[in-house]
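Same order as they appear, the protein sequences are chains A and B.
Per full-length UniProt numbering, the very first residue in the first sequence carries number 1; after that it's consecutive.
Per full-length UniProt numbering, the very first residue in the second sequence carries number 1; after that it's consecutive.
Hint data in this document are derived by calculation from the structure and do not stem from the laboratory.
Since the list gives no way to pick one copy over another, a pair counts as held whenever it fits inside one copy or between any two copies.
With a cut-off of at most 30 Å between alpha-carbon atoms, the simulated DSS-like pairs for lysine-lysine come out as follows: (1) K127 to K245; (2) K457 to K90; (3) K222 to K300; (4) K219 to K55; (5) K219 to K311; (6) K421 to K55; (7) K123 to K245; (8) K127 to K311; (9) K100 to K127; (10) K219 to K348; (11) K223 to K300; (12) K123 to K331.
Protein chains: 2
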Amino acid sequence: MSISQENKNKLKSLLGEERVFFKDETQMDQATFLSFGTDRTKVYVPDYEILTFPKNTQEVSEVVKFAFENDIKIVPSGGRTGYAGGAVAKSGEIVISLSKMDQVLDFDPFFGSLTVQAGMITKNLHKEAEERGFYFPVDFAATGSSHIGGNIATNAGGVRVVHYGLIRQWVLGLKVVTGTGEILEFNGEILKNNTGYDLKHLFIGSEGTLGIITECTLKLTKKPADNRILFTAVPDFSSILELFKETHNMPLPILAFEFLTKYCLDKVMDHLHVPDPFSEVSPYYVLMEFEITEESDDEKLFSFLETILEKGYVSDGSLAQNSRQAETFWKYREGISESISIDYTVHKNDISLPLRNMNPFLEDMQALLSSKYPGFEIALFGHIGDGNLHLNIVKPKDLSDAEFFSQCKKVDPSMFELLQKHHGSISAEHGIGLLKKDFLHFSRSSAEIEVMRMIKKALDPKNLLNPGKILP
Amino acid sequence: MSISQENKNKLKSLLGEERVFFKDETQMDQATFLSFGTDRTKVYVPDYEILTFPKNTQEVSEVVKFAFENDIKIVPSGGRTGYAGGAVAKSGEIVISLSKMDQVLDFDPFFGSLTVQAGMITKNLHKEAEERGFYFPVDFAATGSSHIGGNIATNAGGVRVVHYGLIRQWVLGLKVVTGTGEILEFNGEILKNNTGYDLKHLFIGSEGTLGIITECTLKLTKKPADNRILFTAVPDFSSILELFKETHNMPLPILAFEFLTKYCLDKVMDHLHVPDPFSEVSPYYVLMEFEITEESDDEKLFSFLETILEKGYVSDGSLAQNSRQAETFWKYREGISESISIDYTVHKNDISLPLRNMNPFLEDMQALLSSKYPGFEIALFGHIGDGNLHLNIVKPKDLSDAEFFSQCKKVDPSMFELLQKHHGSISAEHGIGLLKKDFLHFSRSSAEIEVMRMIKKALDPKNLLNPGKILP
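Next up, chain A with everything else stripped away, as it sits in the complex:
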């Protein structure tokens, strides 16, 4: 595809010269240019034509209208921290980066809501909320780069979903630009609005395929007064579930319920050179974070620890005595991804299951690997309180990368079949993007996919918005 000089001039007149870049002109170095058309998936090679930086919803609409008139495909570009290829532009598209749209637009100090442009970096949103005496609770490793609009477009979760839910729960209103360039505004900043279909929920998690999210109003909450970390060793898988059940009876709010296997703990110890926090070996570990509001709450934690030790749900447990120790405990969980990715070659999966089906699924999965891929090991960890497992397959030393990934390609469908059998999802948090679209049918029926197609067609009749993502 080549862009005519006339069209180049048109775009420049829409946005100004300094906010439009063309692949075949050299205002920006190629690596930087291409980085706006990719994400963290790294298996796709970006290749696209035009990079734009609109400053407001109206400009996004004008760029989309330009693309619509000229039948140019569009990829919305946020913080590009995704793991499913949802932000990849590799077929001559126009990329619409939201990076220059990062302003606070409005704030309601009474209800506690903040309206911002979608390109605001999540960490900055946290700051803006805190400066106003509030707290925005959706938090995860990539918040220093991710955009709030991208978080909404992928229905982001993170480590405290067990308490705060997914980001969907915190979105009051959205402004979006559809595939025709039309601006739709949903709900404003009110909480209750039972006036027909709540269309904003279609856009939350739609990965930019139905519209480009340009502004959002988020509900804020209050910051936890303080928190405590309880790190425990768990003797068997079913005790993890009993332990989680037991937390329902705790008088303190639980903010996180994360688990890891001995295998993961070992890898973190090796990689980060940290000691084993427990004196005896255990197959599983669970890290719990509770909110406390006063010192006497510590007694409740000790009494909880006593109960779960007595009931045998945990064989050992340690309560962080100060914030430094709390941080250290979190490292055993948060260091896993880095430890296994740097020292090993891994194939990642982010799946979810009903809690009670987890063990049967894992048994089936282990049987599958043992019989067909005896050298494969699993690094298993995740937000187990949400039913969310990060299941990473680790490459055996004697296998080449190419051979390993080729075998993983065969494992995936078998695993997805098992997930389907146990009523799980092939993507808990990361989305579908390009990476999993061929497997969508393992999580969604053909009737559902048909409805999704009809909705896509209604909002993006020329199939220009992030085409090829999600729908097979």
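Dock chain B against chain A, hints included.
For chain B alone, kept in the frame of chain A given last:
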């Protein structure tokens, strides 16, 4: 419309004789028969042909397929406690009552989720959850009759939305039958499932126009340990907002934040023969409910009361000393509807606004009434922490009912215009149904309504499902 004997036999063979009733046959008395085709709105006269009582999703699907083949319009019928005519059948329809679908289907004790048929009465669902050691938090006056499916179809709220959110937040999975009789199953019982558009949210709040909800999986939570009621007198409207803002800093969870005017308090005192709980007259009253977990939490409440008295947000306040007093306090809020409906003729409106726009809206509204309808008085109360006002216009004694309602018909559009100006919604909780569909455009843009129509068409191509509801 008349139903052929062949079709009658067909339906009887689908469901069995005892679960199909025809208007022109006399198995059931007419009043009972008609009651399944109406709700609490009372302004529409039910008139329909066939009443059916399927027992499971498959049977609902078969009845819908029968209707589809014969082009018969369908009205789903739940607990019929709505206030917008959403369950009215008045044009020869087939009514599908969910009353015989009230079974528990599944329970996950670890995560805490319950799967039930949609016809389960909400109160019974509360019981089923409690028997299993959990709590379902969506609660309101009509839960003794309302169905959980109807609650979902209207995205029900209630008195504790400020803490627990609307029912939307508690729905994990749905099974629905679309307008073609197709069964769609959304999400099962998992929390996280980022695999494309989350279609279940379209059905939540769709008032039966996109599909009939037949089964649902609900997330449960834990019951508040105990609660305390703080009833306060507030000197002016802006102090209500400051007071709400102040609750954000409370270390105790706030479960309810309800307000009423002096006018409402007087009406409850007259009707229920209860004394004035305050020694001095105040224009506004706010009732707050807080969760407490231990006795020392009472100190926090006293200190909060001290703060809000010092800051002048309240002029007087009283903390319920026991559960009987708590109940008494709640009566001043919960008795309003009954008190004004029985002793007066009222025109109800259930609206919502951004908190900070409430006062300007109310000033505009008062100015409108004073200039054009000087005899009209307003009974104002509601879930103000959610931005939700129940604005009831009370008929002046010297006006006939007919004249009053005819004038209200003129007030409504003017009020809706003011709501639009202040970014509010014409229906916070009650939905649109038949009653407000002509005013939908005050809350939704024509572009949004167009998208709604396209979605309706995709899921109900013959426009058979609850036709004429929501969409003008």
